[in-house]
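Could you slot chain B onto chain A? The hints should help.
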Amino acid sequence: MSDLDWIEQALTGARPVAVAALLRYFRNLDTAEEAFQEACLRALASWPKNGPPRDTAAWLILVGRNAGVDAARKRSRLEALPDEERLSDLEDAESALAERLDGSQYRDDILRLLFICCHPDLPRTQQIALALRIVSGLPVARIAHAFLVGESAMEQRITRAKGRVAKAAVPFEAPGPAERTERLAAVAAMLYLVFNEGYSAGYDQTAARAPLCDEAIRLVRLLQKIFPGEPEIMGLAALMLLQHARTAARFDAHGAVVLLEDQDRAAWDRGMIGEGLALLDKAMRHNRPGPYQIQAAVAALHARAATAAETDWPQIDHLYASLERMQPSPVVTLNRAVAVFKARGPADALALIAPLEKDLAGYFYFHGARGAFLNELGRREEARVSFDRAIALAGTAAEAAFIRMQLDGLGEGGARVAG
Amino acid sequence: MLYAILCYHDEHAVCAWSREQDDAVMQKLAVVQERLAREGRLGPVARLMPTTAATTLRKDREPPLVVDGPFAETKEQLLGFYLVEVAGLEEALAIAKELGAANPGGSYELRPVANFFDAKAAAP
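These protein sequence lines map, in sequence, to chains A and B.
Residue numbering for the first sequence follows this note's numbering, starting at 1 and increasing by one per position.
Residue numbering for the second sequence follows this note's numbering, starting at 1 and increasing by one per position.
No lab work stands behind these hints, which were simulated from the structure alone.
Just so it is clear, CB atoms sit at the ideal spot from N, CA and C, and this is done for glycine as well.
Be a bit skeptical, because a hint or two may be false.
To be verified - With the C-beta cut set under 7 Å, the calculated list includes, among others, these residues of chain B facing chain A: (1) CYS15; (2) ALA53; (3) THR55; (4) THR56; (5) ASP68; (6) GLY69; (7) LYS75; (8) PRO104.
What the hints assert, rightly or not - Derived lysine-lysine pairs resembling DSS-like cross-links, with alpha carbons at most 25 Å apart: (9) LYS97/B with LYS75/B; (10) LYS49/A with LYS75/B; (11) LYS49/A with LYS97/B.
To be verified - Facing chain A, from chain B, some residues (calculated, C-beta under 8 Å): (12) ASP10; (13) GLY105; (14) SER107.
Extracted from the complex, chain A is given alone in its bound form (with noise of 0.2 Å):
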């Protein structure tokens, strides 16, 4: 690895806490992000002669901050401010900042950045490429790509989004714990958005997509390490964790969508299974159950089954069970009909999915598990009705190409739910 490789690496790392304290600083994104990026070019300058300094962020935040201050000063005319040179060997001015980012501020900080990327003004997209560019620094080129639109359409977007931020006027004050709570929530979900954003891309998007996941991932890890208590926290970085480590053995050579049943569960990534198990059991026992510790208890138990038979699914039923209460959802219903019809047969489970038929008339998954319910039951028109339907409104080729491989096999028996 070269100098530069690890500086890059030392930038990525420390950027979204050394953004979240300039925006506290300059209270404005374009001056945080362009004091950011001033700091970056000193960094690459003065560090490989001077080598790293102790704590990264820190110096990143007092170098940007001073170039900020020094800009503004410029602009207004006044006396300039030592160089960098000076400043970066200001060890105290260093260690005493340092010491005020160690405290709650620092927490409030992260949580505010992020906050500010889930303004429910924003749509859903706009929300995660917001969050993209300026928490985790993404490229715009990249963040294009993996919406499959032009550099300059995402430019423009994000532009818009900031503008809509500025205007929103999020307080800069130390949110009250309540206040807190709320954000914390908010910023979780938007995190979720990230992740499926990136884990529902089909195949051909996969490899535009899945830094999504990482980088999703990244950040829940980051939330998590300021605030440590909190079992929702840990399970949606379980969550994540157990979900994306099925993904090699999510599509086929050919693209083809590999039902969960039917993947090799050697492809199973067992460091990431490794890590969100360990992530559930520390979350549960906080004994303060949440959807996102709930959803992950469901993917444990996949990663857990050595095969596919051997899934419990009488328990997944009763996790979607816990989970319809606590979030009522015809999506979650429909979770939890497959794991009906897996532990108590299609009888039940189109019984269960009857009532949902207006809410999801428009929802892929909704036709294809209806269609393979049928089937199941031997009703074969029907199935292929609700199958035709639900290519209609397959998201993706691979979603399609699977229900086609459905209707394909209707008559054969042994028809089954994507999940």
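Relative to chain A, chain B alone:
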């Protein structure tokens, strides 16, 4: 004698590694490790999960207190360790430098091992 090489690095930086970067570092380390193993100088090696997976038992009180997270908030975290069989500090440092060339950034703390209980060797 046995030396422990304790690996400290900024977790934020390591967690920002892409899979390719991580694999590349692990491959370079494997070259050094395999040679040390052939020479009979390598003991157990461990890479630890991030401190976000850590739980701390504070046993200075009764009953002990279980806390989420690492024992201490530090700028760099203990991310793994090696045990090496060496003649002394110079040899341990030479190994640490070699490992460090394969995986730059962060620090290694070299600590002589006072007692080592090998459960495998002791098993009947």
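How the hints compare with the structure:
1. Taking 7 Å as the C-beta contact cut-off toward chain A, the hint placing CYS15/B at the interface holds, the least distance being around 5 Å.
2. Residue-level restraint check for ALA53/B holds (minimum Cβ-Cβ distance to chain A is 5 Å; threshold 7 Å).
3. Here the hint on THR55/B is kept, as its CB sits about 6 Å from the closest CB of chain A, short of 7 Å.
4. Proximity of THR56/B to chain A is violated relative to the hint, the smallest CB-CB distance being about 10 Å (cut-off 7 Å).
5. The interface hint given for ASP68/B holds, since its Cβ lies 4 Å from the closest Cβ of chain A, which is under the 7 Å cut-off.
6. About 4 Å separates the beta-carbon of GLY69/B from the nearest beta-carbon of chain A, less than 7 Å, and the hint is met.
7. Residue-level restraint check for LYS75/B holds (minimum Cβ-Cβ distance to chain A is 5 Å; threshold 7 Å).
8. For PRO104/B, the shortest C-beta to C-beta distance to chain A is roughly 5 Å, which falls under 7 Å, so the interface hint holds.
9. Restraint check for LYS97/B and LYS75/B: the C-alpha separation of about 22 Å stays at or below 25 Å, so the hint holds.
10. Among the hinted pairs, LYS49/A with LYS75/B is consistent with the structure: their alpha-carbon atoms are about 22 Å apart, no more than 25 Å.
11. Among the hinted pairs, LYS49/A with LYS97/B is consistent with the structure: their alpha-carbon atoms are about 20 Å apart, no more than 25 Å.
12. For ASP10/B, the interface hint holds, the least distance from its beta-carbon to any beta-carbon of chain A being 6 Å, beneath 8 Å.
13. Using the Cβ-Cβ criterion of 8 Å, the hint placing GLY105/B at the interface with chain A is satisfied: the shortest such distance is roughly 5 Å.
14. The beta carbon of SER107/B comes no nearer than 10 Å to any beta carbon in chain A, farther than 8 Å, and the hint placing it at the interface is violated.
When the structure is compared with the earlier hints, violations turn up for hints 4 and 14 and for no others.
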